[in-house]
Amino acid sequence: MADLTGIGTSALLAFQRSLSTVGHNISNATTEGFSRQRVSFATQTPEFTGAGYFGTGTTVDRVSRVYDQFIVDRLQSNTSNHSQTEHFLGLVSQVDNLLADESAGLSPALQGFFNSLQNSVDDPASTPARQVLLSDAEALTQRFHSIDTRLRELAENAERDLVNIANEINGLGASLARVNDAIVLGTQGGGRIQPNDLLDERDQILRELAELTRVETVEQDDGSLSVFVGSGQGLVVGDGVNEIQAVRNKFDPERYDLVIQQGQVQVNITDQLSGGRIGAVVDFRNKVLDPGLNALGRIATSLTETFNSQHKLGIDYNGNGGTDFFAAGGIAPVPGSNNTGTGSLAATLVDAGQLTTSNYEVVYDGSNYRVTRLNDKKVMFTGGLAALNATPIDGFQITAAAGAAAGDSFLIQPTRSAARDINLFIKDPALIAHAAPIRSSSATTNAGNAGLELAAVTDATTYPLAGDISLVFDPDALGAGVPGFFVSGGPGGTLAYDPATEQNGKQFTLGAPFDGISFNISGTPTSGDSFTITNNTNGIGDNRNGLSLAKLQSTVTVRGNNTFQSAFGELVADVGTRTRQAQITEEAQGVLLQQTEAERQSVSGVNLDEEAARLMQLQQAYQAAAQVISVSNSLFDEVLAALR
Amino acid sequence: MRISSAQLHATAINSILGQQSTLSKIQLQIAAGRKILTPADDPAGAARALNLSESASSTTQYGKNADIAEARLRLEESTLTSATDLIQRVRLLTLQGNNDVLDNESRPLLAAEIRQRLDELVSLGNTRDANNEYLFAGYQSLTEAFTVNPDGTVVYNGDEGQRFLQIGPSRQIATGDSGAEVFGMIGSGNGEFITRAHAFNTGNGVLGTNTITDPATYVADDYSVVLGEQTAVAGGALVFNDNVGTDDTLQYELRINGTLIDTLGEGDARTQAQIETAINAQAATTGVSAYLDAGQLYLANTLPTATPITVNETLTGATDGALDTATGFFGSALTGAAPTNDVVFNNANGYVVLDSSDAIVTSGAYVDGGSIAFNGQQLTISGTPSNGDQFSTTPNTQQDLFATLQSLITALESPSQNTQAVPTSATLSNFTAPVSAGGETFQVTIDGIDLINVGLPLAGDTVTAGQLDTALGNFLTANPGYTVASGSFAGNDLVLEKDDGSDLVIAIPQNTTTTAGALTGLEGTTTNGSLAQPDISAGFHTAMERVLNNLDRNLDNIISTRSQIGARLNSIDDQNNLNESSILQVRETLSNIQDLDYAEAISQLEQQSTSLQAAQQSFLRIQGLSLFNFL
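Protein chains in written order, with this note's numbering: chain A, 1 to 644; chain B, 1001 to 1631.
For the record, the hints were derived by calculation from the structure and aren't laboratory data. Idealized CB from N, CA, C, for every residue including glycine. One or more of the hints may lead you astray.
Claimed, not checked - If you only want the chain A side, here are some residues facing chain B, beta carbon under 7 Å, derived: (1) THR30; (2) GLY539; (3) THR579; (4) LEU608; (5) ASP609.
What the hints assert, rightly or not - In silico lysine to aspartate or glutamate, EDC-like type, Cα no more than 16 Å apart, as pairs: (6) A/LYS287 - A/ASP376; (7) B/LYS1035 - A/ASP101; (8) B/LYS1035 - A/GLU102.
Required output: the full structure, derived from the provided sequences and hints.
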């Protein structure tokens, strides 16, 4: 009967273990990453008799966690994806909100500026109107600055974020390595017995890592897990950790690149780190902040360039030629910090209407320069120094000096700093050039009905005119029977004009260097009728150049068939679309994650009702086992009593 | 499917959180009244909304511009209305002044009013807008448009610039007109002449003032002034000296710019005029014209060039070297040894004035800034003209408005009646009895009182000296204070005196005759200027006619400007309507894009809060279910 006691005892012990596992499950019902555990029983080695094998009771076979590696892997990858979209959404929403505020966007400032311009053009002689125009121009530049500053703040935060995340990854990597170590020690019986809670902990760490960046794992034979990031760079191998380091970008010291030590070399993995928060920050930097700052800068550049060149075609209140209206900072190419040559590089704007929102990288390979547009990786130019210096690329012209060493590189950001650098050049309202530099007059003696109408001037270099340009009609100006005008002053010579066939208007452009002057003559002059083109002295009431300035508002000035306003609208739409996309993706990824999480919970999660039922079941079994011992005991007592 | 307890929680909480977030967004949309809270809500819509706002704002601005344009045009319109009234008033005064009834004393009274009107006109021309800018000064809006010179002439200081305002996306409207055009200065020259430098002039000579100095000798015509080199030219027989050693056939050849003009043998003669004719005969080839006046020859380029004129004189046929000689018309001393000589003319030291039939009117040496007088007019040329340069002057009757008023004043203020102060005695002689053509009246007044006033109804009716003497007797009886000093009409030696020593006016009023010229008997018979003829001088009427013509021309001009202004104002109205409907449309589109449909939003809000409540309640219900409750 000792057997029965033994059997009962074995059952008691086994049910105790089992009950404590249920307790463990219940107490960890809300522990993150916990997988419910199950105790599996096995019969003890049976006893052989002539009648066959008699069972000798039960024994705890092992405690195992209930889990599905496939689901866990999926959870990890879903976590990466979701974390990326969630974090990206958070970042891009900041920009979205910044642009959403109508009063803080560029549009109202732009509109205010052009409205004041029109008011001033309506009344070019009014100093108060000019003063208001200057104030609104100032407000416009401030608005550029404030949006630019805000975007740059976001950029700074993103950089800090990047450094912090790198540190977090390193911390998690270290923890994982430690857990790896413990798991190797704890795995017994050739891997049959595993430290369940450590494994859960490792899975949890992996999940936290996945939230930061996408990871790949490979399980080793000894139970340890190797973790790879980027395009296969080992972060944790066994109990060793390769730390990710944030180093300053070779072009921009305010920017960080993430590198990992691989053997003797540091590998830049910034752009390879996809998924997770890092992927979000890198995406945010590359797809939102850079294009955003550049797009804003491009509007500033176009505004500065087109407004200045039109402004220079006019003359101001004092009769002097127009100066720049806005001041711009220019393009400053950045040499790579690891350049070894002495060759420098400069870039100047040639056509603001051709600018893109991309940055450009110039690499010298020892004989040729290669210019790559970074947003679409298109090679814009390959060739030698002379050709480089003679080829305008997307609206700017590179001027390189010899001396570059092979491998030297330069970064050109044609529009990056324009929104920051735009300023008002003019401080004096009298210097606003509303008037055109020349005007025409017909002699009071003209007897014909011909008229001369000046077209807008296209070139400021001709003014002020050294002397009047007079046109006198003569029926034989170009030889007998060939009518036209004798031109005195200016380019001189003659202009053919036949009133018989051309009285509906003929367009003329004077010869160089007066080719900025065009006019239309119509009607029938009589011999000796004359027109004079003179400097617009005292032309304070003239607003012709002002009208041309005001027209810039609706002129296509920005590449892609855009006006200043619609270029900003494009930026808003772009950020809005990205935010919208991020919202949708985040939602989808969230659902996916929830589903996977539900699947995991479905397999590994603790159901308290289940545990309660199990508790009752085990309790009953335990009571039964105790009864077995008790029966065995009473049987023994029966035997003793019989012998007594 | 197996559910874990934690998941039960998580699912419920996720659903509640989701509902709350949707609810909060709807709430925000309702609070803001907008569908689009951030561009992400509708990226394309947000960008469109920005563009539409710009469009609405620009169009509103166009409306403001149009208001300013309208204000300026209305001001111009009212100024020109005043000008129109003014011209009409002046026209009335002109007609009044042109009436012969008025005499020398009353016409200046009209002039006084016109002087006021002229001042008023100048101030109308200098009208300023609300910003103190001169409306009619063109681009030079802070320069006084019209100023009056000390001599009373009005000059325009502005230009022909017009200010345009943008009143629509592609519509600009002129908000003013040049004062020069409005007040008729275009095509008027200086009001007397149109003077011009010829188109192909190469020098820098400038034609200065051109005035009529003597109306009596003035001949209106188109004149041109040709600048050329003034040179002496010999006429007569050519002086040859043929060395007698060898008798040669000497010949003289004259070339201009390489073209043979004339050939003369020994003993041949040419007058200066013949030389001029010979040169002009080749003018088409040589490009040189000659003008002979007062013994001086003027050589001038006819082509639009300023090339030197080369006169070449050659002696041919000489075999005796320096012993054969000749002297050319242009002064070259030619010999057989040096048979040819060039005389180069490249100056413009003389001028020739030609009339419209190219006849020489006058000529002389050119003096920088000096005056050239001919046919009662005088003009000046200054600067350095080139040989061949031409200036022309054409009389012009068009005057600008200011000059018109100025000439009106001048005409009214100068005595227009040939009334003269008469001595206290009048001597009448050479009286021939006038013979009537029939149906006429003969009237003679002394100091406005009829001496005789008789009808002459039939042709051949006459008034005799005897009748006049009888009438004089009657007159003296009726009007004391007059004495016959001596003589009589019949004796053609009547001397009449006034006792008080005051002026004596004897007149034959023109209105007494119906057939002009038939009864002018007494007119030619005055001596000592003692007979005054109170007729209007011929020049006065001409001047007044010209004033009237110019007033009408200027009035037409102003009325046409006003109709242009009206058209522009209509344009502005049209554009304003367009702008307003465009704004309305833009606002509507904008509203469709970004404004919230409240009904829809509120029903969504209702629905959302109901589902939130349901989620919360079901959570509570599920929460309560646990097997542990039954343990």
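A quick look at each hint next to the structure:
1. THR30: holds (6 Å)
2. GLY539: holds (4 Å)
3. THR579: holds (3 Å)
4. LEU608: A/LEU608 check passes; min Cβ-Cβ to chain B is 4 Å, inside 7 Å.
5. ASP609: holds (4 Å)
6. A/LYS287 - A/ASP376: holds (12 Å)
7. B/LYS1035 - A/ASP101: holds (14 Å)
8. B/LYS1035 - A/GLU102: Cα-Cα ~14 Å, so holds.
Checked against the numbered hints above, the structure violates none of them.
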